[in-house]
Each structure stands twice: as C-alpha cells, then as structure tokens.
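Undergrad: Chain order of the listed sequences is A and B.
For the first sequence, the tail end lands on 277 under the working numbering, and the numbers increase by one without skipping.
For the second sequence, the tail end lands on 528 under the working numbering, and the numbers increase by one without skipping.
Be aware that one or more of the hints could be misleading.
What the hints assert, rightly or not - Distance windows between CB atoms, simulated:
#1 B/A305 - A/G23: 25 to 35 Å
#2 B/A445 - A/E219: 29 to 39 Å
#3 B/S451 - A/Y37: 23 to 33 Å
To be verified - Footprint (simulated), chain B over chain A, 3 or more residues, beta carbon under 8 Å:
#4 38-46
#5 142-154
#6 173-186
#7 237-244
Quick caveat, the hints were computed from the structure, so don't treat them as lab data.
Glycine is no exception: its CB is placed at the ideal position from the N, C-alpha and C atoms.
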Amino acid sequence: MKAIANLDWMALVRAGTPLNQAGIRVIDAHAHLGGYYNFYIPRPDAQTMVQVMDRLGVEKACISSIPACGADVPRGNEMTAAAVSAFPGRFIGYASVNPHYPDRVRPELERAFDKLGLSLIKLHPTIVEYPVTGPAYEPVWRFASERKTVVLSHSWTGTSTCAPKQFEPLAKAHPDVVFLLGHSGGTPAGYVESIALAQKYPNIYLDLCRSEMSSTWVERIVTEVGPDSVLWGTDFPFLEPRYLIGRLACTTLSDQAKRQVFGESMAALLRRRGVLS
Amino acid sequence: MILFDVNCAIGPWPSDRVRYETVEGLLAEMERLGIDRALVSHTLARTYDPVQGNQILMQEIAGHKQLIPCWTLLPPSCGEMGGVESTLGDLAQAGIRAVRLYPQEHTFSLADWQCGDLFAALAERRYVVLFDLAQANWSEIEHICQTYPELAVIVTWVGYRQLRPLFALLQRCSNLYCDLSNLSTYLGVEEVLSRFGSERLVFGTGLPIADPGGPIARVFYTDAPAADIAAIAHGNIEQLLACVQVEEVVP
Numbered sequence: 001m002k003a004i005a006n007l008d009w010m011a012l013v014r015a016g017t018p019l020n021q022a023g024i025r026v027i028d029a030h031a032h033l034g035g036y037y038n039f040y041i042p043r044p045d046a047q048t049m050v051q052v053m054d055r056l057g058v059e060k061a062c063i064s065s066i067p068a069c070g071a072d073v074p075r076g077n078e079m080t081a082a083a084v085s086a087f088p089g090r091f092i093g094y095a096s097v098n099p100h101y102p103d104r105v106r107p108e109l110e111r112a113f114d115k116l117g118l119s120l121i122k123l124h125p126t127i128v129e130y131p132v133t134g135p136a137y138e139p140v141w142r143f144a145s146e147r148k149t150v151v152l153s154h155s156w157t158g159t160s161t162c163a164p165k166q167f168e169p170l171a172k173a174h175p176d177v178v179f180l181l182g183h184s185g186g187t188p189a190g191y192v193e194s195i196a197l198a199q200k201y202p203n204i205y206l207d208l209c210r211s212e213m214s215s216t217w218v219e220r221i222v223t224e225v226g227p228d229s230v231l232w233g234t235d236f237p238f239l240e241p242r243y244l245i246g247r248l249a250c251t252t253l254s255d256q257a258k259r260q261v262f263g264e265s266m267a268a269l270l271r272r273r274g275v276l277s
Numbered sequence: 278m279i280l281f282d283v284n285c286a287i288g289p290w291p292s293d294r295v296r297y298e299t300v301e302g303l304l305a306e307m308e309r310l311g312i313d314r315a316l317v318s319h320t321l322a323r324t325y326d327p328v329q330g331n332q333i334l335m336q337e338i339a340g341h342k343q344l345i346p347c348w349t350l351l352p353p354s355c356g357e358m359g360g361v362e363s364t365l366g367d368l369a370q371a372g373i374r375a376v377r378l379y380p381q382e383h384t385f386s387l388a389d390w391q392c393g394d395l396f397a398a399l400a401e402r403r404y405v406v407l408f409d410l411a412q413a414n415w416s417e418i419e420h421i422c423q424t425y426p427e428l429a430v431i432v433t434w435v436g437y438r439q440l441r442p443l444f445a446l447l448q449r450c451s452n453l454y455c456d457l458s459n460l461s462t463y464l465g466v467e468e469v470l471s472r473f474g475s476e477r478l479v480f481g482t483g484l485p486i487a488d489p490g491g492p493i494a495r496v497f498y499t500d501a502p503a504a505d506i507a508a509i510a511h512g513n514i515e516q517l518l519a520c521v522q523v524e525e526v527v528p
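In isolation and in its complexed conformation, chain A is listed as follows (with noise of 0.2 Å):
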C-alpha cells in the first residue's frame, strides 16, 4: 500500500493496522532470540517472533540472541545465525564476545561474520560484568572499524560497565564505528547524558527500547537528538513490541519523525554500513 502524507497515527492504532500495511518501514534496531532464567517469556522462538511481526508489520528485527548477551556466546552466536538463515530477509544478525577471554574475541568475531552470516555487533557489559572501556573490548572497536559496522551496547546510567558517558571516549577514539546505545542510557538521567553525547558525536545513535520510558521522554530524545540518530527498538521477545509501537505512533512527534525512528534511519545506517542494499 503506498504511504500516505500526515498518517492519522491515532487512527492507525486504534484500527490495529500492521504498519507496513499503512507504508512505514519498520526495522526493530534492538532485539533478541530465545528465553531467559530470570523470568518466562511465552514462545521466544524465531518462527512465532516472525509471526508477530507479520502481524504488527514489522520488516525485520536485527536480534542477538539470549545466551549470545552472556550465558554462552558462542552456542549464542549460532543460535542468532540458525534463525538469520531460517527466515531469510526478516533478521539481521548481532555478534557477541565474551571479554573474560580477550583472545578469543577477535576470532570468535572473525567466525561469526565471515562464517556464521551476522553483521552487526552486540554488547552487553552489565550481564558480563565487564567495563566497555576495558582493554578486551580493544579488538572489537578495531573489528568494527574494519568492517565499518555498526556496535550495539546495552547502556544504563549509574552502572559502572556501560553508563552512557563511558562511551564519549570511544566515540571519539573510533570515529568510524557508530555506536548505538542501546536504552538510551535507561533511566531520565541516562537520557540526559545519551542525548548530550549523541548531540556531539555523529557516530552515537540512541534507541527507544525500553519498558517504562514516557511519551514525552521519546519526544524530548527525538526532537533534541533529531530522528535521523534515534532508532526504534522493541527487547523483543523480551518485551511486547505492541507497547514499543503505541509508544512511538502515539507521540506528539511529526510523521516524518515518526517514519525515520520507525525504520527509515535504521535502513540507512544498514545501507552506509552495506549490510542493506
């Protein structure tokens, strides 16, 4: 169906439409695979995730799965990998490392892009407990610089792994990589400094994926941040994306603002970085 100018987004809503049938791209910038211990999520598999996108009209979802974030990143990796190729066109794949084993990082990089097909980067300090500025992550900012990819960090403020202002210093030292910081630091006061060091640095991008961020949170991030660095994402299977989409299409923001965060920004990081066409 063609886009149509100045969408009545409340309308959309309320009639439960999939959103691709109403022409917004969406690409779901931070997303998951599989279950967790600490707390059951109903059918986590890749073939449900597929449906529920189809029925929210979601185009793809760029996933890392569960045991990639920490438990056993390399079982994790081909985890991501099995389900990229399972459904063609609909995941992009995140890598992951395990930084307790600094030489093990760069070749476990090596095999998940050039052999397992993922080409994205995924990272999550908190659950590995290790600092985004510690010298093992030193392999993955060269890799990414190399392979001009883009690196998702999970970003918390007041952590002492990964609060938003550890990654000024390597926004700075890599220019080349971009960094997306995943929850927008987490909380209001994490917003507060992702949306400063996204305003400084163009190769910080902040995303929207988080369970009780306000309405009027996502309008201050996108208005001050500007929607061509904000990207939707959902935690998805973590979180129910249906909240993470009232949340967006529900704002004050403009259509346009609306349709760059839901996926058109997301989709031309992907085809600079040449991992869209």
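Please build the complex by placing chain B on the supplied structure of chain A, with the hints as guidance.
TA: Just chain B now, kept in the frame of chain A:
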C-alpha cells in the same frame, strides 16, 4: 471502542517533567488519545498528604463526569483519616468506589495488624483497591486477596518480569486483576487470555507519569473476540465499580 483508564492521575510530579498537571491537561490528553473515562487520583495524595490530596482531587474534577475519583487511603493507626468507620463514611459520602494504597511510600504495613480492619470494612462493601506492584509484594497481595475475597484487587504497573508469580496468583485468587499500564512481557496478554480469560485484565495507562500509547496499542493490536477486547477496555472495571455498595452506608 470505549477506553476506561483505571490508572490515571492529575497534579504535579516532583521527579520528572510530565505531559500535563491539571484537569484541563488530562481532558485534552484523553481527547487526543481517545480515552473516554478515567479513574483518577491526585499526585498530591501520594507525594504530599493523602487527606488534602483527596480533597483537592474532588475540587478539581468536580463537574467532569468522565473522571471518577479514586482516593488514596492510610491505615487507621494514627487517626489521620479518622477511624475505619469514619473513613468509610467519608468514602460513601463522596461517592468513592475505588481506593489506592502506597504502603511503601507512606510507610505502613499491609499486614492485618495494621490494615485488617480497613480491608474488612472495604471488603464488606466490595471496594476496588489498587496497588502498584512496587508498593506491595506478591505474598502481601495473596494474603489480601485470600483473606478478603469480596475485595476487587487491581495490581498496576506490573512490569515485564512478573508472569511467574502473577499467573500463580491469578490461578489462586479470583478477585485479582491486572492493569495493562506495564504488563509488557512479550505475548503476556495473549498468555493471560488463553489461561484465565479476558475478565482479569483492565485497561490502564499510568498517566501522566507513564506512557499511554503502549497500553492503547496493546488493546487494539490484540487479536481476540470483540467482547473480550471490550471487557478489557472498559467492561471489567465498569462491572467492578458497579458492585461497590456505597449507597448502603450513606449517612
């Protein structure tokens, strides 16, 4: 489809910038979002003084029939709201059918030695009682639901990590309900519907502190029979409020 928000407030909020503070602001937001009715508390009853906050609420929402007052209560131990019978009389006189408690922030226990008389009196009149999950642990909620089965207990702002205890209590306590303000586990609503039916869920937003768009999309993107959606959107809370026996104690 009518939307009836069970989790809504007016008033200033100290720790963040909110979309509105006034009744006019709430009404404009409800109009923009297509929310028809709301159960409303006053933030000052939470962050300043429950007695004064409830009074201010009544003054500010007067004349707006789509706004249904929800008082914030304290236990009777210090007499701030009078004794239990006096509190129940005040509730009845003001036509209040739903109340909120903040035991964590207001520093009291939900145990029977502190709140038992209050809960017993509220249960006798089939009141609707709301808690944010951060204010009461699951065992406290279980005890209240089991000991006072005539109460309708709505737990709000549940969060996405809570399905294990939530399902155990929905199974065990037929008077427990859950709002949609933050029931944000992936497929969590679908799972509740398949296990417990639509009668245990109620629409709520957490306005103005929380985001209203998520719960709205959660309702309208749910693939369920229209009767189930209507029950969640407004029917269940209307039924619960209709059961409250306020008329019988009007002085």
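Undergrad: List in ascending order the numbers of the hints, as given earlier, that are violated by the structure.
TA: Numbers 5 and 6, in rising order.
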